[in-house]
Structures are given as C-alpha cells and as structure tokens.
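Residue numbers (the numbering used here), protein chains in the order written: chain A, 1 to 160; chain B, 1001 to 1147.
Worth flagging that the hints you see were computed from the coordinates, not collected in a lab.
Keep in mind the model is a prediction, meaning the values are calculated, not measured.
Using N, Cα and C, we set each Cβ at its ideal position, and we do this for glycine too.
Careful, some of the hints might be misleading.
Below, in silico cross-link-like pairs of lysine-lysine (DSSO-like), each with a Cα-Cα straight-line distance of 27 Å or less [said to hold, decoys possible]:
#1 A/Lys86 x B/Lys1135
#2 A/Lys117 x A/Lys86
#3 A/Lys59 x B/Lys1135
#4 B/Lys1135 x B/Lys1072
#5 B/Lys1072 x A/Lys74
#6 A/Lys52 x B/Lys1135
#7 B/Lys1072 x A/Lys52
#8 A/Lys46 x A/Lys59
#9 B/Lys1006 x A/Lys117
#10 B/Lys1135 x A/Lys74
#11 A/Lys26 x A/Lys46
#12 A/Lys26 x A/Lys74
#13 A/Lys52 x A/Lys26
#14 A/Lys47 x A/Lys26
#15 A/Lys47 x B/Lys1072
#16 A/Lys52 x B/Lys1006
#17 B/Lys1072 x A/Lys46
Just so you have them, the derived chain B footprint on chain A, three or more residues with Cβ under 8 Å [as the list claims (entries may be wrong)]:
#18 46-55
#19 62-72
#20 88-95
#21 124-136
#22 140-148
Below are the chains, spelled out letter by letter.
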Amino acid sequence: MIDDLDYQLLAAVQQGLPIVARPYLKIAEQLGLDEQQVIERLARLKKLALIKRWGVVVKHRQLGYRANAMIVIKVPMSLIDSIAAKICQHSFVNLCYQRPQQGERWPYNLYCMIHGKDRDTVLQQWNQLQQACELSQYRSEILFSRRCFKQRGAIYHPKP
Amino acid sequence: MDQLDKRIINYLQQGFPICASPYRQIAETLGIGEAELLTRLETLLADGILSRFGPLFHAEQMGGALTLAAIKVPEQRFEEVTEIVNAFPEVAHNYARNHALNMWFVLATEHREQVASVIADIEQQTGLSVYNMPKISEYYVGLQLEA
Chain A
1 MIDDLDYQLL AAVQQGLPIV ARPYLKIAEQ LGLDEQQVIE RLARLKKLAL
51 IKRWGVVVKH RQLGYRANAM IVIKVPMSLI DSIAAKICQH SFVNLCYQRP
101 QQGERWPYNL YCMIHGKDRD TVLQQWNQLQ QACELSQYRS EILFSRRCFK
151 QRGAIYHPKP
Chain B
1001 MDQLDKRIIN YLQQGFPICA SPYRQIAETL GIGEAELLTR LETLLADGIL
1051 SRFGPLFHAE QMGGALTLAA IKVPEQRFEE VTEIVNAFPE VAHNYARNHA
1101 LNMWFVLATE HREQVASVIA DIEQQTGLSV YNMPKISEYY VGLQLEA
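Only chain A is shown next, with the shape it has when bound in the complex (with noise of 0.2 Å):
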C-alpha cells in the first residue's frame, strides 16, 4: 500500500515543512513531483495513520511549562479502563497510558503526564484527580522531571 515514494516523501518533510506560501510545491520540486501528487500523497499517509498528527512540536519548556509530572497508579486490571476513562475527562492530563506491571519493583499498571507551569500547581491538580476519580486508595507515585538531556521527534530513514 505504501510504495517508495511515500517513504521518499515523509523523508522530505519529517525535518520540517519549508516555510513558504507553496510548501508542497517546494517538496514536489526536490522529488520530481508535481504539488498536487504531493498533497494527495500526504492525505492519504494522514488517512492510514502512518502520519499520526500535523502540526507544530511545542517545546514545553520554552513555554514556560516547567514542571512535568509523571504519575503513576497501581490499579486493579478489571477497573483499569473506567479509571483511565475518568482521568481523560480532565483537561490538565495530557497524556494517559496502561503500561506493563513489573513485579513488586515496579508495580505500577497505569500512568498519566501532567505537564504544568509550576510544581505547585501540578500536585494540586493531582490531588483534584486523586479526589475526583477516587484514587487514593490505590498505590501511587508522581515523578517530577530534574532535567531534560534529549527531546527529538523520532526519525525514520526511508525504505530502499
């Protein structure tokens, strides 16, 4: 479904989307294309999901988002779903995930980012999730970030 030329074009853009009022038309150029294969190649690599999102990557920090939490909760597996369906509903989680238990060491099954301006406000907006999807009665712990060593998008190589 996808041929090399899909793969030759998210190589194109996955650096960036040149900034200029025919950005397509510029990729179209360097691969030979014309603009309106280009767009419809992308629409269709958006439509399969193989692009997930389009857009800007905010560099949380440059925002002024400096404290980020990871949380995590040890939750009983048949209640997992309605707990995570619960913490969704709140707009300062910005990312909730199941992940595997790993033993005694590390018990923990669920696990949501809080990304905040201050610590403060990230361990109240904590506590009115704890209260709010009853999750005291569970394990839990919240791991603020110290530092940042690395933050790049993945990147891909292009299939030959």
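Following the hints, complete the assembly by docking chain B onto the known chain A.
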C-alpha cells in the same frame, strides 16, 4: 512572544492543512496576512519556541516501535550513564526524575525487533538493568499546551 504569537502556537497545535496554500488558509483564520505569519513562524523556530513544524509519524504504523524505559542509576554515575544512553540514536527523549528509578527515556526504533537488542546493548554498556514499559493501551493523547 506576544499575544499573536500565542494565538499562532495554540492554533497550530490543532493541526495543519494539507492544501496548496496552507499558510494563507491559517493566516485568514487568524485574521492576519500570510507574510506576517511566515515571518513569525520563522522567528518562533529560530528562537527555539517551536522545535519543528511538520508531521508526527505513527511509529507502529511505520513498522517501528516505541517504548518507555527506565534505569535506577547510582547518583555518582549519572553523568556517565546519561552519555552512554543518549549516544544511542534510538533514544528520543531522556528525562531525569526524582525517584530511585531516576532515568526515564523513550526508545523509538525503525523495526519492532530492535527494541530488545537496543535494551540489551544499553544494559551491557551500563551494567545496569533496564525496565521496559511499552504501552499496552493509549487512553488519551492531547499534548496541547496553551501558550
């Protein structure tokens, strides 16, 4: 960064049109000129407020894999282990966190089977155990940060 920059950032986090003149379409929605939008975007990228502008790929759909991994690094070895881990091109993000499990990173590999070998290499080079926590379910991803 002024109010207009903030509006631009907030709007663009919702997506980007795939059409012949995408910037003009956005500029019209925001009620500004296309040239002004282009200039401001260049400045926001140059200032490092935006890191990139374009597609985010779906790793699994591309045949690759993503996982979240963590290591308990003895404090005195933290710098050394950071260097080892960050040298792997598959490491996309790496955060120090306030916990005994103090190093958290995301691995993004081009092929599914590479995750295990990268983890084995990291364990071998650091002498430390890597916790591997790939996602089982994604309940929500809405990483939109209001500027």
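Do the hints match the structure? See the list:
{"no.": "1", "hint": "A/Lys86 x B/Lys1135", "verdict": "holds, 19 Å"}
{"no.": "2", "hint": "A/Lys117 x A/Lys86", "verdict": "holds, 23 Å"}
{"no.": "3", "hint": "A/Lys59 x B/Lys1135", "verdict": "holds, 23 Å"}
{"no.": "4", "hint": "B/Lys1135 x B/Lys1072", "verdict": "holds, 20 Å"}
{"no.": "5", "hint": "B/Lys1072 x A/Lys74", "verdict": "holds, 20 Å"}
{"no.": "6", "hint": "A/Lys52 x B/Lys1135", "verdict": "holds, 16 Å"}
{"no.": "7", "hint": "B/Lys1072 x A/Lys52", "verdict": "violated, 32 Å"}
{"no.": "8", "hint": "A/Lys46 x A/Lys59", "verdict": "holds, 23 Å"}
{"no.": "9", "hint": "B/Lys1006 x A/Lys117", "verdict": "holds, 15 Å"}
{"no.": "10", "hint": "B/Lys1135 x A/Lys74", "verdict": "holds, 15 Å"}
{"no.": "11", "hint": "A/Lys26 x A/Lys46", "verdict": "holds, 19 Å"}
{"no.": "12", "hint": "A/Lys26 x A/Lys74", "verdict": "violated, 50 Å"}
{"no.": "13", "hint": "A/Lys52 x A/Lys26", "verdict": "holds, 22 Å"}
{"no.": "14", "hint": "A/Lys47 x A/Lys26", "verdict": "holds, 22 Å"}
{"no.": "15", "hint": "A/Lys47 x B/Lys1072", "verdict": "violated, 40 Å"}
{"no.": "16", "hint": "A/Lys52 x B/Lys1006", "verdict": "holds, 24 Å"}
{"no.": "17", "hint": "B/Lys1072 x A/Lys46", "verdict": "violated, 38 Å"}
{"no.": "18", "hint": "46-55", "verdict": "holds (count 9)"}
{"no.": "19", "hint": "62-72", "verdict": "holds (count 5)"}
{"no.": "20", "hint": "88-95", "verdict": "holds (count 5)"}
{"no.": "21", "hint": "124-136", "verdict": "violated (count 0)"}
{"no.": "22", "hint": "140-148", "verdict": "holds (count 7)"}
Consistency with the previously given hints fails for numbers 7, 12, 15, 17, 21, ordered from lowest to highest.
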